[in-house]
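Colleague: Read off the chains here:
Number of protein chains: 2
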Amino acid sequence: MSVTAPQGFDAAGIAAGIKRSGALDLAVIVNRGPLQAGAAVFTSNRAKANPILWSEQVVKDGTVAAIVLNSGGANCFTGPEGFQVTHRTAEAAASALGISAGDVLVCSTGLIGDQLDGEVLEEGVLSAANRLAGDEAAGADAARAIMTTDTKPKTVEVVVDGWRIGGMAKGAGMLAPGLATMLVVLTTDAVVDSAGLRAALRRATRATFDRLDSDGCMSTNDQVTLLASGASGVAPDPETFVEALTTACRDLALQLQGDAEGASHDIAIEVRGAVTEDDAVEVGRSIARNNLFKAAIFGNDPNWGRVLAAIGTTSAPFDPYLVDVTMNGVRVCHAGRPDRPREDVDLTPRATSVIVELHAGEASATIWTNDLTHDYVHENSAYSS
Amino acid sequence: MSVTAPQGFDAAGIAAGIKRSGALDLAVIVNRGPLQAGAAVFTSNRAKANPILWSEQVVKDGTVAAIVLNSGGANCFTGPEGFQVTHRTAEAAASALGISAGDVLVCSTGLIGDQLDGEVLEEGVLSAANRLAGDEAAGADAARAIMTTDTKPKTVEVVVDGWRIGGMAKGAGMLAPGLATMLVVLTTDAVVDSAGLRAALRRATRATFDRLDSDGCMSTNDQVTLLASGASGVAPDPETFVEALTTACRDLALQLQGDAEGASHDIAIEVRGAVTEDDAVEVGRSIARNNLFKAAIFGNDPNWGRVLAAIGTTSAPFDPYLVDVTMNGVRVCHAGRPDRPREDVDLTPRATSVIVELHAGEASATIWTNDLTHDYVHENSAYSS
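Quick mapping for you: the protein sequence lines, in order, are chains A and B.
Using my numbering, you'd call the opening residue of the first sequence number 1 and step up by one each time.
Using my numbering, you'd call the opening residue of the second sequence number 1 and step up by one each time.
Fair warning: there could be bad hints in the mix.
Identical copies go unnamed one by one, so any copy, or any two together, can satisfy a pair.
As the list claims (entries may be wrong) - Below are the SDA-like pairs computed for lysine to any residue, each with C-alpha atoms no more than 25 Å apart in a straight line:
| hint | residue 1 | residue 2 |
| --- | --- | --- |
| 1 | Lys152 | Asp135 |
| 2 | Lys19 | Asp301 |
| 3 | Lys60 | Arg203 |
| 4 | Lys152 | Ala351 |
| 5 | Lys19 | Arg337 |
| 6 | Lys60 | Pro320 |
| 7 | Lys19 | Pro338 |
| 8 | Lys60 | Tyr321 |
| 9 | Lys19 | Asp339 |
| 10 | Lys19 | Ala94 |
| 11 | Lys19 | Asp344 |
Hints listed in this document are in silico derivations from the structure and should not be mistaken for laboratory results.
Using the sequences and the hints, build the whole thing.
Modeller: Written as structure tokens, this is what we have:
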């Protein structure tokens, strides 16, 4: 499991002293090659954290030798000093690993607006570099070191003929589109160049992380990184690679949904019968972001009127008097009016299905979200205190 | 106060038996003239309730003789039967008052997806018609009869030289743009024709109800209606009329904000230094809809990072490293980095001020919203049960 599952990757996760709790807070992952190809997708938030600004430049040439990730501070809105801390982190890794700082990605997660201590990070990187290993325990430590309010680490492994994809993710709040706010590192020992990685990552994230919208809030620090070592010597068919990568991304996305802050329901909103896939996504997202709908699901209330009210705010073509809504298998709304009784819907399970049939076309899409709960409000009102 | 403050209007508010609780649930307001001019703005939700579909047609010719409003059911997504109930309501009022059904507006509020009982409504309208009066008590009853989860009635009176504007409003949840979800009736004895009413209402709502965004959810039943009797004999200057109307609308909007479901903070988000007013509104709305920001305010946490993260999701021109954020008088962020300590901000008062200075231009706008609280989640998860 985790990022050390494929050949060619070493990892470490340590307690560098960034978190006051003494928990693991710094991860380093090194690509031992022979390939050192990398690609990444970043938050579409225009307010970008310093590590995003750094990593966007590093990944441009397609060569990535290592990635450093810290929890305990986002290093966002910390000015030029904050950028220097990111730069110093990359330099520390470069010096410890005998590589170029220009090939070191940096990711940070935690509270916005607090300065990270550059010396603590530098010492942490040096210490982590001494503990790098390619075994399962090292990958597990790395996955733990990037956790913030996550209650458990998220890892994945996909095995195909002769090559693998491994991965880890963090993200329990601010899961939103453009991509779901989080840090993800995926590794593979398949032989794929950076252009191939980039194309595959775009396609895989579009259908997975981009459709996860836990609370509608978009982070300043999102980054999904894909690294290839080529150590298996196998160059997979591009379609096969995209499929395996999509499988890995979907698995991690659903783990993120299942651990979303304070949530009591994992809601899959499937929109069918849209004119275009973009319409289906817009409709699904509008429902996923409707606080009244989300609070109703928390209360096990199949309030389908709120579903239709949310659809009505979109620009997707539809006729309100053709829409069907099915919740956990019970069609509560048919042709825009009441169908089977609300009481027949059992919303007590955590897994919740909402199917909206627009009867406007042939396209469909599924958006994953969570309910709006007392615990969500509590966790997010107490985060920085 | 209320809709009977201007001359020429009679009102009644009764318990028709729509609400199981036996509370007041039906209001009738009649315009005795000599003018019977009317204008209205409606929800921009494309999923419109039956009374909206009806009222949109009625108001087109600019003549409105009466309006019937009920709480206890939204009559939305109730199919052709639901439309018949609305029609029957208007016919009942027409018959009781000796006017045309085509001059009777209808508004409904309450749960979506439940059929209203046409007979109960018809009897209620006849009973209310027998109790119409032009005094303050009648106006107060009408304001009470439209309440749903409101904890108190909302009324307003503005007195200008020789003429008045009166008004009532309901709306405690689903306050959102396009307009803040609610029912509002404004009356005036000024001499203004329907074209003048329409133009003035558009301008007044744009700067008031349209800037109220309590929870980002847009209703299917919103309607703001303005009726003129001309009974004062005074034809005011159009600008004076718009100003007085805007004053009345702002007063009611702030009453709605102050009674928003479960809220513990009334937040005014003032965006300054935007390139255009539309940009300022977009930025303010994005902050107002950010659940993480709203939960932080509930927790009295001046988490300005969430303000900047929300700005970053807009298309408004701005440089993250020029932005200042001031919360309750304390500038916590200057030029995109930490300024005065968070601890200096006192967020315990209900009235909360957030000022965002973009330093991108000269335009500004204020958006009013509320925090995201345990009580909001509770009230909205229990609404239909």
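Colleague: Are the CA atoms of lysine 152 and alanine 351 at most 25 Å apart within a copy, between copies, both, or neither?
Modeller: Answer is within: at 19 Å inside a copy they meet the 25 Å cutoff, but 38 Å across does not.
Colleague: My question is about lysine 19 and aspartate 301: at a cut-off of 25 Å on alpha-carbon distance, are they close within one copy, between copies, both, or neither?
Modeller: For lysine 19 and aspartate 301, the Cα distance is within 25 Å only across copies (20 Å; inside one copy 40 Å).
Colleague: Checking lysine 19 and aspartate 344: alpha-carbon separation at most 25 Å within a copy, between copies, both or neither?
Modeller: Only across copies: lysine 19 and aspartate 344 sit 24 Å apart there, 48 Å inside one copy, limit 25 Å.
Colleague: Within, between, both or neither: how does the pair lysine 60, proline 320 come out at a Cα-Cα threshold of 25 Å?
Modeller: between (46 Å within a copy, 23 Å between copies)
Colleague: Checking lysine 19 and alanine 94: alpha-carbon separation at most 25 Å within a copy, between copies, both or neither?
Modeller: Intra 24 Å, inter 71 Å, cutoff 25 Å: intra-copy only.
Colleague: Since the copies are identical, ignore which copy is meant and state whether lysine 19 and arginine 337 lie within 25 Å (CA to CA) inside a copy, between copies, both or neither.
Modeller: between (53 Å within a copy, 21 Å between copies)
Colleague: Tell me, please, which holds for lysine 152 and aspartate 135 at an alpha-carbon limit of 25 Å: within, between, both or neither?
Modeller: within (20 Å within a copy, 65 Å between copies)
Colleague: Is the C-alpha distance from lysine 19 to aspartate 339 at most 25 Å within one copy, between copies, in both cases, or in neither?
Modeller: between (53 Å within a copy, 23 Å between copies)
Colleague: Can you give me the call for lysine 60 and arginine 203, within, between, both or neither, at a CA distance of at most 25 Å?
Modeller: Within. Shortest intra-copy distance 18 Å satisfies the 25 Å Cα cut-off; inter-copy 49 Å does not.
Colleague: Can you give me the call for lysine 60 and tyrosine 321, within, between, both or neither, at a CA distance of at most 25 Å?
Modeller: between (50 Å within a copy, 24 Å between copies)
Colleague: 25 Å Cα cut-off: does lysine 19 pair with proline 338 within a copy, between copies, both or neither?
Modeller: between (52 Å within a copy, 20 Å between copies)
In terms of the numbered hints stated before, the structure departs from none.
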